[in-house]
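Taken in order, these protein sequences are the chains called A and B. Just add 659 to wherever you are in the first sequence, counting from 1, and you've got our numbering. Just add 4 to wherever you are in the second sequence, counting from 1, and you've got our numbering.
Treat the hints as calculated values from the structure; they're not laboratory data. Quick caveat, the model's predicted, so the values are computed rather than measured. We put the beta carbon where it would ideally sit given N, CA and C, even for glycine. A hint or two may mislead.
[As the list claims (entries may be wrong)] Rough simulated footprint, nothing fancy, chain A against chain B, three-plus residues with beta-carbon under 8 Å:
#, stretch
1, 63 to 76
2, 115 to 128
3, 141 to 155
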Amino acid sequence: MKKKLRWVIVTLCSAAIIASIIFLLHKIAPKPPVDDVEFAMQNLSKAGTNKAGTYSKKLYNEAKAAFDSCMINWTRENEKFILFRNFEKVEDYAKLSALKSSQAAESSVSNSNNLKSKLRVKIDSLNHTRQSIDKIFGRYPLSPEIRSRISNGKMLLKEAEVAFDNGQYLPANRKIADAEYLLTNVYDNAIDELKDYFNLFPTWKRWVQSSISDSRKNNSYLLIVDKFSRKCYLYLGGNKKYEFEAELGRNWVGDKKRSGDKATPEGIYRIVTKYQGRETQYHKALRIDYPNAEDKERFRMEIKKGIIPASSKIGGGIEIHGGGGKGVDWTEGCVALTDREIDIVFSLVKVGTMVTIVGSMKDFNEVLVN
Amino acid sequence: MKNRILLGLAAFAMVALLSSCGKVPQAKIDAVNAAIDSAKTLQADVYVPAALAAVQDSMKAINTEIEAKKSKLFKNFKEAEAKLDQALLAAQQVQTDAVAKKEEVKKSVETLMTDIKAVIEENGKLMKRAPRGKEGAAVLEQMKNEMTTVETSVADAQGMYDKGAYMDAFNKVTAAKETADKINGELKEAMKKAGIKI
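Okay, chain B solo, but in the shape it has when bound (with noise of 0.2 Å):
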C-alpha cells in the first residue's frame, strides 16, 4: 500500500515539475502591448518616436526572455514580470511624453500663427511706405507676391492644425515665418537705406 502511494507521489512530482512552476504572465504582457498600441494612437510615433522605439525594445526583450523561459524545464517568470512592471510604467510614460509633446508643438503652432500674422500686417504697412524708386517697385511686387504665397501657407498650416496635424503645421508655418520674417528684414533694410522713419 504504501509502495503505491510512494509511487503516486513520484508521479504527481514528475507531473508538477514537468509542467513547469511559473506560468506565463499573460495579463502584464497584454497590458504592456495595450499601453504600446496607446501610445501610437497617441502619436508617440511623431512626437516622441525614440522613446516609443525604447519601449518597444524592451517589450521584444522581454518577449525572448519569456521564451527562453519557457523553454527550459524549469519555469520562472518572476525577474521578466518585473521587467514587464517596469515596461507598463515605461509605456505609460511614452503615452504621457505623447501627449506632453504634442501640446507643446501645438502650442508652438498657435505661437508661431499669432507671430507670422503680426508679420504679415506689418509687412503690408511697410510695404505701403517702401521706396519705390529705381528696382524698388519691382522688389516690391515680388515681395506682394511672395507674402500671398506666404499667407497661402498660414491658411494651409491652420488647415493642417484644425486636423490635430500639428508637426505638419509647425513644420509648414515655420517655412512661412522665415520667409516673412526675411521680407520684413529687406524692407526694413531697404526703409533704413532710403531714410524713411520705421
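Isolated chain A (complex conformation) (with noise of 0.2 Å):
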C-alpha cells in the first residue's frame, strides 16, 4: 500500500516538474515578433501592388532587403535554444521594413502619378510639335534623311502613346525621350533654318510695297509670287484680282544663285516673252528677265567670294508656267499654274508686266501661328 502511494506521489511530483519546467520555458522563453513582421509583410505587399519596385525603386529594395535580414534573422535565432533566442534584431528589421515598405508604397504612388502627369503633358506638347512639323514644313524642301528622322521620331511617339495608354510609363517615357529628341530637334534647326530665310522679310516688303504702289499708279497689272504660301496673286491698278495655288522649284528656299540648283529667283522682274502652242511644252508660258542686273551682279560677287564654284552658270528661262496642279515643287526654278489658270494669267498680262517674286508676304511669326 505504502509502496503504491510512493509510486503515486512520485509520477505525481514527476508530472508536476515537467509541467512547471514547460510553464516556465514558456513564460520565459523570449517571444518573436510575429506581428511586427506581419505588418512589414503587409506593408511590402502594399509597395508592390503600388510598383514601388518601378517607381521607387530605391526604397522598395531597401525595404526588401531588411525583410529578407529580418527573416534570416528570425530563422537563424530559431536555431537556438529556446531560452538563448533573442528577436531584437528580426523585430529591429520588421520595423526597418515596415517603414520602408511605407514609404515606397506612397512615393510610388506619387512618383507614378507625378510622371503620368509629366509624360501626358510631354505627349500634348510632342503632338502640337508634330503638327508644326507637318503644318510649316509638310513642303519645305528637307533632306530625305531629315524626313526619316521625322517619321521616325513620329512612330516613337505613338510607341509613346500605346504603352502610356496601357499605363507601362517607364517605357513610355524612353520612347518619349527618343521622339523628343529626333522631332524637337529638326523642329529646331529647320525653325532656325526658316528664321535665317526670314532676315530677308524687310527686303520682301519692300518690294511688294513699291510693286502694288506702281500697280496702283500705273492701273497696271501685276504679278506676286508668294512662296512660302505657295501662292500667286494677280493685282490690277494696286488691286488683288485673282489669287491661285503655285508650284515652285524642287529646292525653293532662298534666292537662284546658279544654274541647275532647282531655286526660284527672288526680285522684282518683268515678263520679256509670252509663249503658247508649240512655243512651250507647259501649255502656257510667260518668261521673266531673269537673270536682270541684280542678280548678275550678286551671282558675280558670290563667285568673286567663292560661295559658288567659278565655273558656275547663272542660268535662265524661268517662267511662270502651266502645267501645275501637281501638289509638290516640281520645277528646275520655274513658277507653275494649272493650264486654266495659266490661261486668266495669260489672257490679261501683255511683255512688261511686273512680276514680284519674294519669300513671303507674311513675316516669320505670322507664318509660325499661321
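Taking the hints as your guide, dock the two standalone chains into a single complex.
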C-alpha cells in the first residue's frame, strides 16, 4: 500500500515538475515579433501592388532587403535553444522594412502620378510639335534623312502613346525621350533655318509695297509670287484680283544662285516673252527677265567670294507656266500654275508686266501662327 | 529501480517536448519555391505579374507563419503544410496562366502582323490612286515616308517575335498598326472627297 502511494506521489511530482518546467519555459522564453513581421509583410505587399519596384525602386529594394534580413535573423535565432534566442534584430529589421515599405508605397503612387502627368504634358507637346512640323515644313525642302528622322520620331511618339495608354509609364518615358530628341531637334533646326531665311523679310516687304504702289500708279497688272504660302496673286491697279496655287522649284528656299540649283529666284522682274502652243511644253508660259542686273551683280560677287564655284553659270529661262496642279514642288526653278489658271493670267498680262517673287508676304511670326 | 525508470521516462518526455512535435515541411517549401522560380522562367512577371506577386506574397506569409511556429515550444506545421499545398497549386496555376497568356499575346501579334501587312499593301495601292492636286502630292510624300517607318517597325516587331519577346512585339506592332490605319483612313477620306471610287 505504502509502495503504491509512493509510486503515485513520485509520478505526480514528476508530472508537476515537467509541467512547471514547460510553463516556465513558455513564460520566460523570448517572444518573436510576429505582429511586426506580419505588418512589414503587408506593407511590402502593398508597396509591390503600388508598383514600388518600378516607381520607387531604391526604397522598395531597401524594404525588401530589410525584410529578408528579418527572416534570416529569425531563422537563425530559431536554431538556438529556446532560452537563448534574441529577437531584437528581427524586430528592428521588421520595423525598418515596414517603414521603408510604407514610404515606398506612398512615393511610388506619387512618383507614378507625377510621371503620368509629366508624360501627358510631353505627349501633348510633342503632338503639337509634330503638327507644326507637318504644317510648316510639309512642303519645305527637307533632306530625305531629315524626313526619315521625322517619321521615326512620329512612330516613337505613337509607341509612347500605346505604352502610356497601357499604364507602362517608364517605357513610355523612354520612347518619349527618343521621340523628343528626333522631333524637337528637327523642328528647332528647321525653325532656325527658316528664321535665317526670313531675315530677308524687310526686303521682300519693300518689294511688294513698291510693286503694288507701281501697279496702283500705272493702273497696271502685277503678279506677286509668295513662295512660302505657294500663292500667285494677280493685281490690277494695286488691288488683288486673282489668287492661284503655285508650284515652285524643288529647292525653293532661298534665292536662285546659279543654273541647276532648282531654286526659284527672288526679286522684281518683268515679263519678257509670252509663249503658247508649240512654243512651250507647259501649255502657256510667261518668261521673265531673270537674271536681271541685280542678279548678275550678286552672281559675280558670290563667285568672287567663293560662295559658288567659278565654273557656275547663272542660268535663265525662268517662267510662269502651266502644267501645274501636281501638289508638289517639281519645277527646275519656274512657277507652275494649272493650265486653266495660266490661261487667265496669259489673257490679262502683257510683255513688260511686273512679276515680283518674294520668300513670303507674311512675317516669320505670322507664318508660325498660321 | 522503478524510480530510475520514472526519471528516465520524465527526461525522455522533456527531450521530446523540447525538441518539438512537428518538423518543418522543407520538401513542400522547396516545391513551392521551385514552382515560383519556374513561373518566373516562363515570364510570369511579364504576362501575369499580379498573379505571380500574389503567390509570392502567400509564400512570404507562409514563411512568416513557419518561423512563428518554429519559435514556439510546441510546433505544429499542419496548417502551414495545408497552405503550402494551396500555394503550390497557385504557383502551378500561375505557370499555366503565364504560358496561356504568352500564347494569347503571341496569337495577337500574329493577327496584328497579318492585319498590318494587309493594310500596308492596301495603302500602297491607294497611294497610287490618291488625288495629287494642291497639297495632295506633298501629303502623299509624307505618307510614303511614314509607311516606310511603319514597315521598319513591322520588321523590328518580327525580330522581337522571333526572339520570343511577344509583349514587346505586341506593343511595337500595335503602334505601327495605329499609324497605318490612320494613313489608310486619310487616304480613303481624300479619295472619297475627290470622288474616286475605293
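Evaluated hints:
1. Counting residues of the stretch 63 to 76 of chain B whose beta carbon lies closer than 8 Å to any beta carbon of chain A gives 8, which reaches the threshold of three, so the coverage claim holds.
2. For the stretch 115 to 128 of chain B, the proposed coverage by chain A is not satisfied: 0 residues have a C-beta within less than 8 Å of a C-beta in that chain, short of the threshold of three.
3. With 11 residues bearing a CB less than 8 Å from a CB of chain A, the stretch 141 to 155 of chain B meets the requirement of three and the coverage assertion stands.
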